[in-house]
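Asks: Just so you know, the protein sequences line up as chains A and B, in that order. Reminder that position 230 of the first sequence reads as 230 in our numbering, one-by-one numbering, no gaps. Reminder that position 50 of the second sequence reads as 50 in our numbering, one-by-one numbering, no gaps.
Keep in mind that the hints are not guaranteed to be accurate.
What the hints assert, rightly or not - In silico lysine to any residue, SDA-like type, Cα no more than 20 Å apart, as pairs:
1) Lys78/B <-> Gly60/A
2) Lys191/B <-> Ala129/B
3) Lys229/A <-> His239/A
4) Lys225/A <-> His195/A
5) Lys191/B <-> Val167/B
6) Lys229/A <-> Arg177/A
7) Lys42/A <-> Ala129/B
8) Lys42/A <-> Pro108/B
9) Lys42/A <-> Lys191/B
10) Lys78/B <-> Phe97/B
11) Lys42/A <-> Pro127/B
12) Lys42/A <-> Gly60/A
13) Lys228/A <-> Val169/A
14) Lys78/B <-> Val61/A
15) Lys220/B <-> Gly188/B
16) Lys220/B <-> Ala129/B
17) Lys191/B <-> Lys175/B
18) Lys42/A <-> Leu243/B
19) Lys78/B <-> Asp128/B
20) Lys228/A <-> Thr211/A
21) Lys42/A <-> Glu93/A
Note that these hints are calculated values from the structure, not bench results.
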Amino acid sequence: MLGYLDTIRRDYPLSLHGVGLSLGSADDLDATHLARVVALIKRTGPVLVSEHLSWSAVGGVYLADLLPLPLTEEALSVICRNVDRLQSALQREILLENPSSYLRYSHSTIPEWEFLSAVSRRTGCGILCDVNNIFVSSMNHGWNALDYLSALPVDRVGEIHLAGHTLRVVDGEHEIRIDDHGSAVAPEVWSLYEHALQRFGATPTLIEWDTNVPALDVLMAEAAKAEKKLQRVWRRAGHASVA
Amino acid sequence: MPALLEVQDALRRQFLEGENPDVISFIEGGALSPHARLNIYHNTFVGTLTTALRLNFPAVYALVGSGYFEYVASAFIKRSPPTSAYLNDYGRDFPAFLESEETARGVPYLPDMARLEWAVSQAFHAPDADSLDLQRLASVAQEDQEHVVFALQPNVGLVASRYPIDVIWQAVLAKDDEAMAGIDLESGGVKLRVERRHDQVEVTRCGLDEWRFASGLVGKRCFGELASDLNPETATALLSDYLVRGRITAFTLAQHQYSERLP
């Protein structure tokens, strides 16, 4: 089955994005899954490899979601240990993505943007800046999305993600935004993306639309919108066009 | 301050065992209660795994409908959550679970259908393995040949049922109501070889000789035993066919074990 990926790899660079390594687990990484990921990356030679600032497994059970971490010194040490182990197994740097979240732990002591920057500083990993996730979490928790962007180290951001999200009303009155990758990128997120490009420069960008997948031309139009903004930033930096 | 492992284990218990006061106390409320916030994650947990089961068991899903499938999947997820993030491998125990589920008894062939779909999924996702180099086999000494244990390709599986599940499977996936209506459940059982060839999974009925031969390979029985069970000519012909079709990946010599089992 991997033959398809080999064929695509011949003509296009790949960015491999993981959701299952559970880098925030207090338990050790799943050695079998890690070996599977290492083998895939060796086989396909992707340009970028990324995972999430989250956890999914405990006590040998995989909970099938990107669960938020308590943002404490202990959790910081744990995720740094696991990122170190992953990077050492892969013999390369990874990018770590900020999650969208719907809850915060009362014992968290470190703001998420500082936590993510600290993981990058301690392990040497890069950052995958998911602009939609910043917007979703900021709206859900009352953060300032521009402050979040401004706190990330410019030279460590290696990829940007954009996606659609849903505004849900719970108990008839409380709004919460859910990152569901099932619709067009929201206008506020496009605006935040422009801020991100101004800060980080022209950065490889992926639009995640993997539920309620639209017709290809709709998806291509969304990608073209991002491309146009990227080109503008690239030209402003004195380059002819994005390669 | 709770330790990270304590928090993570409390969430696991919340997801699998229900409301857990420990985890509620770790979470900030605000406009939304901790319970409502946790529910968002719990819904994704159940939804993602239900989708994984639906993808691995599409005919079971089509036969019972989305409402019952969600009910039975939810019960299964609680009892047998995945142990790995590799969700193509989730559902090994689902056929046995369906067998034990009182509410599924109305469709007597459902567990066998699930077994067939599990074999199809395993064949589809099995790693590519090289076929046996026949030169290696030629190097086995004459006196050792009956002690050879052959390894079957990981993309080949076997399923038996007292119902014509292959015909039902095809009719259900093709949404062929007419074919479904014409199926006689008492028309006799089937023995099936499930095999990936050229990126497609084929389900083929086996004759009794092939079934005994292939089951023997799965059971790691040596060729001498297979030859005495069937007869040497039949076993040799089947082995030749399996070798030519690339269904054998390797062999080992099991002289000692075989000698012990000989009468």
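Asks: Are the hints correct? Go through all of them and say.
Replies: Hints, verified against the model:
no.	hint	in the structure
1	Lys78/B <-> Gly60/A	holds, 14 Å
2	Lys191/B <-> Ala129/B	violated, 24 Å
3	Lys229/A <-> His239/A	holds, 14 Å
4	Lys225/A <-> His195/A	holds, 15 Å
5	Lys191/B <-> Val167/B	holds, 12 Å
6	Lys229/A <-> Arg177/A	violated, 25 Å
7	Lys42/A <-> Ala129/B	holds, 18 Å
8	Lys42/A <-> Pro108/B	violated, 46 Å
9	Lys42/A <-> Lys191/B	violated, 40 Å
10	Lys78/B <-> Phe97/B	holds, 12 Å
11	Lys42/A <-> Pro127/B	holds, 16 Å
12	Lys42/A <-> Gly60/A	violated, 26 Å
13	Lys228/A <-> Val169/A	violated, 34 Å
14	Lys78/B <-> Val61/A	holds, 11 Å
15	Lys220/B <-> Gly188/B	violated, 28 Å
16	Lys220/B <-> Ala129/B	holds, 18 Å
17	Lys191/B <-> Lys175/B	violated, 23 Å
18	Lys42/A <-> Leu243/B	violated, 31 Å
19	Lys78/B <-> Asp128/B	violated, 33 Å
20	Lys228/A <-> Thr211/A	violated, 24 Å
21	Lys42/A <-> Glu93/A	holds, 14 Å
Hint compliance for this structure: hints 2, 6, 8, 9, 12, 13, 15, 17, 18, 19 and 20 are broken, all remaining hints hold.
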